[in-house]
Amino acid sequence: MKKIRAISIIDDDPITVFGIKKMLSSIEVSDHIVTYPNGKEAIDGIRLSLENGSGVPEVIFLDINMPIMDGWQFLEEFITLPLKERIRINIVTSSIDPADKQNWERYKEKTHHLLDYKNKPIRRSDILEITRVA
Amino acid sequence: MLRGTQDSIDNNLIKQLPYATAFINSDMELVHASDRWISDFDLGNKKVIGQTLRQVFPDIRNSWKKDLKKVLQGGAKTSGIECIMNQDGEEHWFNWTNSPWYDQNSEIIGVIIQTEDITNEIFDSAKLEKLEILLNDKSEISRIGSWQFDAVKKELMWCDITREIHDVPADYKPNIETAISFYKEGYSRNTIAMAVDQAMVEGKPWNEKLQLVTAKGNEIWVIAAGKPIFKDDKFLGLIGTFQDITNDIISQRKNEEQERLFQSIFNSSYQFTGILDLDGTFLQINETALEFADLKEKEVVGKKFWDAYWWPVPDMIKDGLKTVVKAAAGGEIMRSEIVVQDKNQVKVPVDFSLKPIFDKKKKVTSLLAEGRMIKEMVVAREKLKVSEKKFRALFELSPIAINLSDYDTGEILEINSAFTEALGFDNNEIAALNYSSLVPNTKKLKLNQIKEILEKEGTFGPLEHELIRKDGSCFKASLSGSLVETKKGKRLLWTATQDLTEVKKKEKQINEERHLLRTLIDNLPLNVYIKDLDSRKVLVNKAEMDYCGIKQHADIIGKSDSHFYDDTSVKISREEDLQVMNTLTPILGKETINIKKDGQLTTFLTSKIPLIGEDGKAKGLIGISMDISDLKHKEKELQDLISVTSVQNKQLINFAHIVSHNLRSHSANFSMLLEFLVNETDEGEKENLVKMLTVASDNLLETLDNLNEVVAISTNVNLEKKPVNLVKKINAVEQNLSAFLKKNNAQIINEIPHDTKVSVVPAYLDSILMNFITNSVKYRDPQRDPLVKLTLDQCDDYTVLSITDNGLGIDLEKYGEKLYGMYKTFHDNPDARGIGLYITKNQVEAMNGKITVNSDPGKGSTFNIHFNEKN
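Line by line, the protein sequences are chains A and B. At position 112 of the first sequence (counting the first as 1) the number is 112 in the working numbering, and the numbers step up by one without a gap. Take the position in the second sequence, starting the count at 1, then add 134; the result is the number in the working numbering.
The hints are simulated quantities; they were obtained by calculation from the structure and are not laboratory data. Idealized CB from N, CA, C, for every residue including glycine. Be careful, since some hints might not be right.
Mimicking DSSO-like on lysine-lysine, the simulated pairs with C-alpha atoms at most 30 Å apart in a straight line are [to be verified]:
no., chain 1, residue 1, chain 2, residue 2
1, A, Lys101, B, Lys497
2, B, Lys993, A, Lys40
3, B, Lys497, B, Lys452
Label-pair ranges, simulated between beta-carbon atoms [to be verified]:
no., chain 1, residue 1, chain 2, residue 2, range
4, A, Ser25, B, Ala866, 37 to 45 Å
5, B, Lys770, A, Gln102, 28 to 36 Å
6, A, Leu50, B, Lys876, 44 to 52 Å
7, A, Gln102, B, Ile776, 22 to 30 Å
8, A, Gln102, B, Leu926, 38 to 46 Å
9, B, Asn884, A, Gln102, 44 to 52 Å
10, A, Thr111, B, Glu725, 49 to 57 Å
From just these sequences and the hints, can you work out the full model?
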């Protein structure tokens, strides 16, 4: 299996970050996993790596409820980035608010990136599927 | 004397007598006549001998015969003068003498008539005086004056009358020249001058009607006559007469005028007029009659009345007409209506009359036939018949009782069926009825009053009056009447009687209904009013009166809205009124706000309905307004409640999501960690996982605590508020935070008046103050010392506490929506939990307050906490 160049996990909950990392490492899908505690730091980090050419993550795990900049605000900015390739973005949330699902549908329309929506917890069985490059 | 002469010889002798002599026997037969007699009487060509005197002179006067008889019976000689006209109509004057004719025995056997023609002598000068006397006798009566001119003496003599005619005095001496100069210059004078000349030269007499101008200057008409007198061809003079005929001429002219007048009246009369003699022959007929029948006068005059053209069936009426003529000739006036035909044979009704014309002696001399066309009259009579029929029908069918009574006696002559119905009397009973018996005794006086009015005005009423029915019951009636006078001078009274019992009943009913309606509209919980075209109130109900603050109904009538409401309300209302009245379309259930002059605001649900007059145009409107101010108020409260509820509902949903999210995220973590733990073989890693599970558990507990806190606030919405001194509370919070403030080098400036009280739940106020002051310091700008300022303001029903800091500020455009969200944090502050503002907001709202915020990132924020002082 081809290894993924880079995976980003954007979540303020350390336990979730721990869990996803653990699952990713167990399938050894990528050697380069970056985590961000909120959307703000994530978009800043991705912009930086885009500028210095170190490459953007091919798969992103994105939490919605985060301080400073939440998942939707992050997406709003992310989809404006000049990216040719199709990035897989897994929205991972414990929210069952229908408004969030509607937001997902809306963003799907607005971008060429692959947007997936998963409720927490992420199961080990799911992880292979959602780390496949878009 | 001649006696005993033999006929033949006698005759011969007598024939030759130089005097005109005739012998008549006792039978008045002419026996002998001298030739002279024959010639004097112009009988030469006639057989006279043996004829009676009557046969010879048919025109002989009876007196002459009497004279002769007197002689025959032994009378003496008689004589006299006689004038006889000859065959040429010439006058011949004779002196006559009748003498008895004796026989041998001296017995009278006849009369000897001797005559002398004195025609020439009679004008001789010898006879002038005699003539003068004659003329004088005559002149006194007929105003004939005489004159004579003696040619020998050259004297002109006027008699008294002649002088009078000339208006000259008795001693006036005229001559031929002056006499002629009295004639009016021109025709009259020329004529007389020529006549006199011709008389003298040719011996011609004259007789002319001429004009004189008298000495007094009067113009008169005279008949001037004169003739010359000759003796043996010698001109002796002139004699003549004057007759003043001025009056005759005037009267003649008058007669002519009257005749003309009569003729013009006769002919121009619209009626047919003819004059008949007593036998019914037309003497005259006027042009109207001729034109009517298209006849010429000669076709009628001289014909019999009954033979005239215009009788349509002459045979049938001839005898009748004859009788009529006969009766009229006997002095009766005949009159009847007949039909004649005009020139087109159209039959025309004529009122015909035939009247006798009497002379002075009351003797019928002729008959005047007159015919008046009465086509119009006949038509009018037909019309009258029709209208009489109509009147009858009206009279009988009229629902109003009508009766005709003799005004003076009170006797009832006629009634109609409505009368019978109203009073109970029928036609057979009225004969015995007198009008005054229909009136109760107590009301008789009124009857006299009616009589007075009738005498003066000819009519009366309608007025209310009491009458008695046949059954004796009384009832109120409306009476009116009219007095009419018949041709014979009888005064009749038409009376119309309307039973008012029903009317009164209806009136009462209407009054009751009116009262009912009035009560109804007065007790309606609606303002009802009627306005006229100028929007003035004509009728209002009690509710409207109360609303306008008016006690008496009369005080509001005629007043317009401007009397009660402010200008804007008046203007809007007037526009509505005009719209309704102009379009005739009602406004229904429109919500309007009316402001009274004192500023009181009322919300009405208003309907305005046009009042349409008989001409189809609006004559005003009916307005119905329902005061819905309370409803509006409740509606607003409800609206507020709904908005609060919906906000709370939203909060609850939000809260539910938060709860589910937070609990789910924890349980997800448990679930994930447990899955790891189960599959983990490495003991070290296992221990790590258990530690993480513990952290997750602590997190869950904390979350539950937070949620509990929020639920506590949300469920304790009815926590009792009480007034709290704000400054004291602030000081207490400051005290509690003193270490924290000191550590951060923070300063609090409190500008709130010491006695400020706010109505709050005390515990919430502690929490709110604590949270905001802490936040102001916690999110400080690292470049400067924190400064927190507290100020107070009043806004509507709220006391507003403003807390201003010089901290980091918040980008409200980015985070405004989430500012009070649970677990929302906006700064990289490790202490930020995202719960403080959420709880604070819930607490403020639980006290019916609200929070607003102004912020400038990098400069600071101001939170305005509105405490609701009302409820």
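For each hint, the structure was consulted:
Using a Cα cut-off of 30 Å, the hinted pair Lys101 of chain A and Lys497 of chain B is violated, with the two alpha carbons roughly 146 Å apart. Between Lys993 of chain B and Lys40 of chain A the CA atoms are separated by roughly 22 Å; this keeps the pair inside 30 Å, and the hint holds. In summary, the hint linking Lys497 of chain B to Lys452 of chain B is supported, as the alpha carbons are separated by about 26 Å, within the 30 Å threshold. Here the CB-CB span from Ser25 of chain A to Ala866 of chain B is close to 54 Å, at odds with the stated 37 to 45 Å.
A beta carbon spacing of about 34 Å between Lys770 of chain B and Gln102 of chain A agrees with the range 28 to 36 Å that was offered as a hint. Leu50 of chain A and Lys876 of chain B have their C-beta atoms about 46 Å apart, which keeps the hinted 44 to 52 Å range intact. Checked against the given bound of 22 to 30 Å, the beta carbons of Gln102 of chain A and Ile776 of chain B, roughly 25 Å apart, stay inside it. Distance hint check for Gln102 of chain A and Leu926 of chain B: the Cβ-Cβ separation is about 43 Å, which falls inside the suggested range of 38 to 46 Å.
Remark: the range hint 44 to 52 Å for Asn884 of chain B to Gln102 of chain A is upheld by a beta-carbon distance near 47 Å. Against the hinted window of 49 to 57 Å, the Cβ-Cβ separation of Thr111 of chain A and Glu725 of chain B comes to about 51 Å, which satisfies the hint.
Consistency with the previously given hints fails for numbers 1, 4, ordered from lowest to highest.
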